[in-house]
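> If you want the building blocks of each chain, they are given just below.
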Amino acid sequence: MDMKNLINDAKALGADYFPMFLRKPAPKFVTESGNPVFGIVAEFDETPKVFKAAKKVRDAGYSKWDVHTPFPIHDMEEAMGIKTTKLPLMAGGAAVTGLCIAILLQWGTTDWLYPTVVQGKPFDAWQPFVPVMFELAVLLTAFMCIFGMLALNGLPRFHHPLFSHERFCRVGNDRFFIAIEATDPNFDPEKTKALLEEIGGTDITLIEDVS
Amino acid sequence: MSDMHPDQTIALQASGVASVQPVARRVPVIPGTKDDGTLTEDPALRAPLVLGERSFDDVTNIVCGYAEAPIPKIWLTAFTITSSIAALGTGMILYLIITGVGVWGLNNQVDWAWDITNFVFWIGIGHAGTLISAILCLLKQNWRTAVNRAAEAMTIFAVICAGIFPGIHIGRVWFAWFLAPVPNANGIWPNFRSPLLWDVFAVSTYATVSLLFWYMGMIPDVATLRDRASLRLHKGVSRGFKMPMPLGDGLPLHFMPKPDQIRVLIYGIMALGWRFSSRHWHRYEKAYLMLAGISTPLVLSVHSIVSFDFATSIIPGWHTTIFPPYFVAGAVFGGFAMVLWLLIPLRMFLPNFSDLLTLRHLENMAKILLLTGTMVGFAYSMEFFIAWYGANEFEFAAFANNRVNPAKAPYWWAYWTMIICNVLFPQLFWFRKMRQNPLVIWIVASAVTVGMWFERFVIIVTSIHRAFLPGEWQMFFPTWVDILTFVGSCGIFLTLFLLFLKFLPIFALSEVKIVMPQSHTDDHH
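Taken in order, these protein sequences are the chains called E and V.
Going by my numbering, 142 is the number at position 140 of the first sequence; the sequence numbering is gapless.
Going by my numbering, 745 is the number at position 142 of the second sequence; the sequence numbering is gapless.
Just so you know, these hints were derived from the structure itself, not from any lab.
These numbers were taken from a predicted model, which means no experiment stands behind them.
We put the beta carbon where it would ideally sit given N, CA and C, even for glycine.
Worth double-checking, as some hints may not be accurate.
[Claimed, not checked] Distance windows between CB atoms, simulated: (1) Arg775(V) with Thr118(E): 17 to 27 Å; (2) Pro900(V) with Phe149(E): 13 to 23 Å; (3) Gly83(E) with Pro900(V): 27 to 37 Å; (4) Arg159(E) with Ile1086(V): 46 to 56 Å; (5) Arg775(V) with Leu115(E): 22 to 32 Å; (6) Ala62(E) with Phe1106(V): 42 to 52 Å; (7) Phe781(V) with Arg159(E): 34 to 44 Å; (8) Pro1009(V) with Phe149(E): 17 to 27 Å; (9) Asp113(E) with Ile925(V): 26 to 36 Å; (10) Phe149(E) with Leu1102(V): 54 to 64 Å; (11) Ile1086(V) with Phe149(E): 34 to 44 Å; (12) Ile925(V) with Lys66(E): 51 to 61 Å; (13) Ile700(V) with Leu15(E): 53 to 63 Å.
[To be verified] Examples of chain V residues lying across from chain E (beta carbon under 8 Å, computed): (14) Arg796; (15) Leu834; (16) Arg882; (17) His883; (18) Lys1116.
[Said to hold, decoys possible] Keeping only pairs whose Cα atoms sit at most 25 Å apart, straight-line, the calculated SDA-like set for lysine to any residue is: (19) Lys57(E) with Ile1117(V); (20) Lys889(V) with Ile84(E); (21) Lys57(E) with Glu888(V); (22) Lys51(E) with Pro29(E); (23) Lys54(E) with Trp991(V).
Okay, chain E solo, but in the shape it has when bound:
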C-alpha cells in the first residue's frame, strides 16, 4: 500500500466524520436566479394519502427524500424504507460506560486512592456500590438517547432550505409534506414533479437552497 492510498483512505474516513469540512460538489441543478436547487416539495392533507404516497416514492427508487409530518406516523419507517437506527446500540454502550465510571469512582477512591473504613463496612462489600452504579448507567444512557438522537438527526440545525417555503410553516399543525432532494441520483425536475403530481401531492414547489 503506497502513500497515496493511505491519504485517500484517511480522506474518506474524514469525510464520514467531518462532512462539514469538505468542499461541496457543484450543484447539479440551478434555478434561473443562480441558486442551487434543494429539491421539490409536495403537500398532502390527510394521513392515509401521505402514507400511500410515501410507499410510491420509495418504490420509484428515491433515496434522498423525506416525509414531514406533524406527528410520527405509525409504520412510516416501513413505508419509506428507513433502516432501523443504531441508537439502541449506542445507548447500550453509554450504559456500560456509566457503569464502568461508577465502578472506578467508588472502588478507586474508597479502596485504593484513600482507603477508609466507615461504619465498619468491609472493603470487599460490593452491595453499597450498586445504587450509584445504577444511577450513573441510567444517566449516561439518557444522555446518549437524547444527544445521540439529535446528533444522528443532524440537529441542532437552525437553518434549512425547507423553512423558506411558507406553506411548510403548517407542517407542525395539520399538513404533510414529501420533499425529494436534488442530490438524489434519480432526481429530475420534470420527472420528479410529475411523480409527485401523480401520487396526489398538491402545491408542488421547487425549493431553492439560498444559504
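The hints should help you fit chain V onto chain E, whose structure is shown.
Just chain V now, with coordinates in the frame of chain E:
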C-alpha cells in the same frame, strides 16, 4: 372571513386577532348533562380522548392558543400572588444562610424536621410526571397524552423545590460541594457507602433525566409554536407588544419587539431546528421509548434510595425493610394527587381544556389514587403489625406510644391526620359517582397532599423526638422561618407552574394527534 385566504384566516386565528377561543366543537355538548360522553362502561367502546370531533388544526389552535393569547388578568393575579410568596421563600433561605440553621426550630434530638419533611414531600410529588410519561407509555395507556406534559413540568418544579432543602439544611451552605464526588482538602473522598451520598446521585440523576425527557418531548411542540409565530410575521398579522396592566387594556410599547419576534427567537432556539422529518421521528420515537424504559426503574429507584436514608439507620420507626416499596407507592400517590389538584381548576379557567382532559382521564387518575392510597394504607398497617409481631419493644413503642395513642403520643394528631387524609379519603373512589365528580376528586387530592406532607412529618419527627433514653426526649416546634420557608417553596413551585402554563405547550401536541382517529393510515376511520 370566508373571502380570506385560508392561510390568512389561520394566521389571524392563531394570533388571537380573530377570537377563536373556544374552538367550536363539531359534536355539541348534550345540554343538561354533566356526562361528557367519555364515561362509558361498555368495554367494546373506546372512549374518545379528544372531544368534539376536532381536527388537527383545531387541536393545534387550542393548545397553542394558551401560549399565544394575551396574558389573561386571572393569570396575572395568580402570578403576582405566587411570585410574592416565592420571593418571601427566597428571603427566608437568604436569612437562613446569613444567620445559620438556628433560625429553624431544630434541636439536639430533632435534628431533621421540616427541612427533610419538605424534601421528601416535594421529591415524592415529583414522581408522578415520569411515572405517567414512562410507565404509562410502556403500558400503552393512550390517555396519558392529555396529562403527561403538565405532569412532567410539575415533576421538574417539584424536584427543584426538593433540591433546595438538602442544600440549605446542612448549615454551612458554602460546604455543599462536599456532596460532590471530589476529594476535600485532606484528600478524603465522600463516603460512597452512605445512603446520603446515593441520594445525591439518585436525585441529581432523576432531576437531569426528567428535565431532558420533558424537554425532548417538547421539541416538536415548541417547533409548532415557532412556525406559527413565523407564519404570523410573514402574513403581517402579529400583534404589537403590550405591557399587561392590572386594570384595563395593556399598555402598548412601540419600542419593544413584537411578541412573535421574541417567540420566533426563543422557541426557534428551543426547537433546535426541528423540521418534523420522518427520518428524525423514527430516531426520536426510539429514543423516547428507551428513555421510558430506563426512567421506569429510575423512578422506582429514586424514592427507594430516599427511603434508605431512613431505613439503613437503627432508629426505631425508621429501621424497616418495607420502606422502599412503601415510599414509592406514597410518592406515586402524592404525585398523582398534585397533578389532579393542579389540573382540575384549569378545566374551569382555560377554554376547551376539558375537551382534552376529559372526565375519563380524571376517573382513571382517581382509580390510581385509590390503588396507591390503599397500598399506602396497607404499608401503614403492616408497619404497625411488624412492630408488634417483631416483639421489639422500642419499635413497638415508636408506633404505639409516639404516634398512635392520643393519651401517650404528643404527635397523635399528626398521625391521625395522615390516616384520615391518606387512607380514608381515597376510599370514596370505590363509588363511581365520586370518582366521576371533579369537585370530589379535587377535594380528595387536596386531602391527600396534606396527608402526604404529614406522613413524612410523622416518619421523621415522631421517630426521632423520643430516642432510647427518656432523658433525651424533646419536642419539635417550628419557628416562623420554618413555616415561611415551606410556604415559600410552594410559591416557587406554583410560580414555575404558572410560567409553564402561559409560555409553553401544556399538552403534548404531537402525541395528542397520534391518539386522534385521523392519524390512522387506513382510510376507514
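> None of the hints should be skipped; say for each whether it holds.
Okay, the hints, checked on the actual structure:
no. : hint                                  : verdict
1   : Arg775(V) with Thr118(E): 17 to 27 Å  : holds (22 Å)
2   : Pro900(V) with Phe149(E): 13 to 23 Å  : holds (21 Å)
3   : Gly83(E) with Pro900(V): 27 to 37 Å   : holds (35 Å)
4   : Arg159(E) with Ile1086(V): 46 to 56 Å : holds (50 Å)
5   : Arg775(V) with Leu115(E): 22 to 32 Å  : holds (25 Å)
6   : Ala62(E) with Phe1106(V): 42 to 52 Å  : holds (44 Å)
7   : Phe781(V) with Arg159(E): 34 to 44 Å  : holds (42 Å)
8   : Pro1009(V) with Phe149(E): 17 to 27 Å : violated (56 Å)
9   : Asp113(E) with Ile925(V): 26 to 36 Å  : holds (32 Å)
10  : Phe149(E) with Leu1102(V): 54 to 64 Å : violated (26 Å)
11  : Ile1086(V) with Phe149(E): 34 to 44 Å : holds (42 Å)
12  : Ile925(V) with Lys66(E): 51 to 61 Å   : holds (59 Å)
13  : Ile700(V) with Leu15(E): 53 to 63 Å   : holds (54 Å)
14  : Arg796                                : holds (4 Å)
15  : Leu834                                : holds (4 Å)
16  : Arg882                                : holds (6 Å)
17  : His883                                : holds (4 Å)
18  : Lys1116                               : holds (4 Å)
19  : Lys57(E) with Ile1117(V)              : holds (20 Å)
20  : Lys889(V) with Ile84(E)               : holds (13 Å)
21  : Lys57(E) with Glu888(V)               : holds (20 Å)
22  : Lys51(E) with Pro29(E)                : violated (32 Å)
23  : Lys54(E) with Trp991(V)               : violated (68 Å)
Violated hints, listed in ascending order, are 8, 10, 22, 23; each of the other numbered hints is respected by the structure.
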